Amino acid sequence: MSSGDARPLPPIRAALDHVPVYKPGKPPMSRPGLQTYKLSSNENPYDPLPGVVEAVTHTLRTFNRYPDMGGGELYARIAVRLGVPVEHLAAGTGSVAVLYHLLQATCGEGDEVVYAWRSFEAYPIAVELTGARSVRVPLTGAAEHDLEAMAAAVTDRTRVVIVCTPNNPTGTAVDGAALRVFISQVPPDVIVVVDEAYREFVRDGEVADGVDLHRGRHNVVALRTFSKAYGLAGLRVGYAVAPERLADAIRKCALPFGVSSMAQVAAVTSLESEAALLERVEALVVERTRVVLALRDQGWAVPHSQANFVWLGLDGEGAAAAFGEACSDAGVMVRPFPGDGVRVTIGEPSANEVFLAVAATWLER
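Just so we're aligned: 343 in my numbering is position 343 of the sequence shown, and the numbers increase by one with no gaps anywhere.
Calculated from the structure, these hints are not laboratory results.
It cannot be assumed that every hint is accurate.
Said to hold, decoys possible - Cross-link-like lysine-lysine pairs, in silico, DSSO-like; alpha carbons within 30 Å at most:
1. 23 <-> 38
2. 26 <-> 38
3. 252 <-> 23
As the list claims (entries may be wrong) - Here are the simulated distance ranges between beta carbons:
4. 85 <-> 180: 17 to 23 Å
5. 142 <-> 218: 41 to 47 Å
6. 146 <-> 24: 48 to 54 Å
7. 31 <-> 62: 17 to 23 Å
8. 256 <-> 79: 31 to 37 Å
9. 24 <-> 282: 26 to 32 Å
10. 62 <-> 180: 40 to 46 Å
11. 26 <-> 289: 22 to 28 Å
12. 215 <-> 19: 31 to 37 Å
13. 87 <-> 363: 29 to 35 Å
14. 286 <-> 64: 41 to 47 Å
The model shown is predicted, which means the values in this text are computed figures rather than measured ones.
Virtual Cβ for every residue (Gly too), placed ideally from N, Cα, C.
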């Protein structure tokens with residue numbers, strides 16, 4: 001169409017005018033003579049669990065068929081693993097997709113969704129695509145959820161409250177007793193979503209467990225994923241544990257045949273490798289402790305992370321981006337959040353050493 005063509009253009013929903021674009025962690029740039037690492041997307045640095053590659057390879061022979069839309073075997077295995085009814089499960093292409101479906105099922109124009117900020121960058125996108133409004137409640141000075149302020153932010157227009165624990169990008173987790181009190185303060189017609197993408201990395205026994213909190217409650221939904229600890233980020237499979245009515249609504253909004261056969265087989269096989277999973281996760285937790293202690297020894301104020309990443313607060317114009325550039329120059333890609341700080345994934349020890357060297361040099365400037 002020429003620049004002088006006055007024909008009207010197809011309309012686009014006004015809700016998209018203010019929807020931000022999701023910014024993924026950047027991959028490392030290839031540098032001659034320099035080993036590079038990706039610490040920007042909270043991925044598991046280990047290969048898939050034993051048996052997964054072989055099981056997925058076998059599914060290549062069935063690409064001419066649709067996957068099991070009902071996720072029968074996957075749902076059955078998760079139900080046994082978590083001790084929940086199959087009817088309480090709803091899968092999708094990652095837990096973030098499941099959140100999108102939940103919000104589509106429950107929110108519309110004029111509604112509100114409350115969540116902490118800074119938190120997962122996909123939240124404002126998911127909320128505002130429905131036409132609802134985001135209500136962001138600032139984190140505390142310790143980079144934790146301010147549950148009291150979040151409860152006060154709930155109004156008669158609130159449809160959903162999202163609690164990210166451990167919180168992405170700060171790594172801090174929510175106390176279970178405090179979250180139970182919070183849930184009791186939320187009106188019963190408001191859904192509380194407990195987003196637990198990093199649950200497997202939690203070592204504090206007092207941290208909330210969303211699956212347990214959902215039991216016996218009609219408004220609590222837990223989100224979990226195979227992308228992080230299980231190392232299936234490239235196959236995209238996550239799920240909700242929700243009251244049957246809400247799980248059914250999520251499944252109604254899901255894209256038909258969204259979770260591929262490969263993803264389902266990989267997830268089922270991964271559930272069979274519990275011992276190997278625990279060993280790998282524990283290795284990352286040990287490495288997380290080492291990195292946090294080293295950063296604190298350098299002089300950094302690092303929140304107590306329960307995830308597979310650490311958070312460095314960096315105030316000031318351009319500080320986070322500059323730190324990210326310094327890391328990139330050294331061969332590691334991290335995830336800057338302009339004006340707030342930098343999130344750094346716990347990777348293999350060699351990658352963490354490069355990051356720690358940059359961090360030490362940064363404070364010595």
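Item to check | C-beta pair residue 215, residue 19: status relative to the range 31 to 37 Å that was hinted | outcome: holds, 35 Å
Checklist entry - Would you say the C-beta atoms of residue 26 and residue 289 sit inside 22 to 28 Å of each other? => result Since residue 26 and residue 289 have Cβ atoms about 27 Å apart, the given range 22 to 28 Å holds.
Next on the checklist: Quick check: does the Cβ-Cβ distance between residue 31 and residue 62 fall within 17 to 23 Å?
Outcome noted: For residue 31 and residue 62 the Cβ distance comes to about 40 Å; the hint is violated.
Checklist entry - Is residue 252 close enough to residue 23, meaning Cα to Cα at most 30 Å? => result holds, 28 Å
Item to check | Hint consistency between residue 26 and residue 38 [alpha-carbon to alpha-carbon, up to 30 Å] | outcome: holds, 8 Å
Next on the checklist: Within 29 to 35 Å: is that where the Cβ-Cβ distance between residue 87 and residue 363 falls?
Outcome noted: violated, 53 Å
Checklist entry - Taking 40 to 46 Å as the hint, is the beta-carbon distance of residue 62 and residue 180 inside that range? => result At 45 Å between Cβs, range holds.
Checklist entry - Should the hint that residue 85 and residue 180 are 17 to 23 Å apart at their CB atoms be regarded as holding? => result The hint (17 to 23 Å, Cβ to Cβ) holds, given that residue 85 and residue 180 are roughly 22 Å apart.
Next on the checklist: What's the verdict on residue 23 and residue 38, does the C-alpha distance respect the 30 Å limit or exceed it?
Outcome noted: holds, 15 Å
Next on the checklist: Just to be sure I understand the hint, the distance between the Cβ atoms of residue 286 and residue 64 should be within 41 to 47 Å; is that true here?
Outcome noted: holds, 45 Å
Next on the checklist: Just to be sure I understand the hint, the distance between the Cβ atoms of residue 146 and residue 24 should be within 48 to 54 Å; is that true here?
Outcome noted: violated, 28 Å
Item to check | Pairwise beta carbon distance, residue 256 to residue 79, judged against the given window 31 to 37 Å | outcome: violated, 22 Å
Figure legend: structure checked against the earlier numbered hints; hints not met, in rising order: 5, 6, 7, 8, 13.
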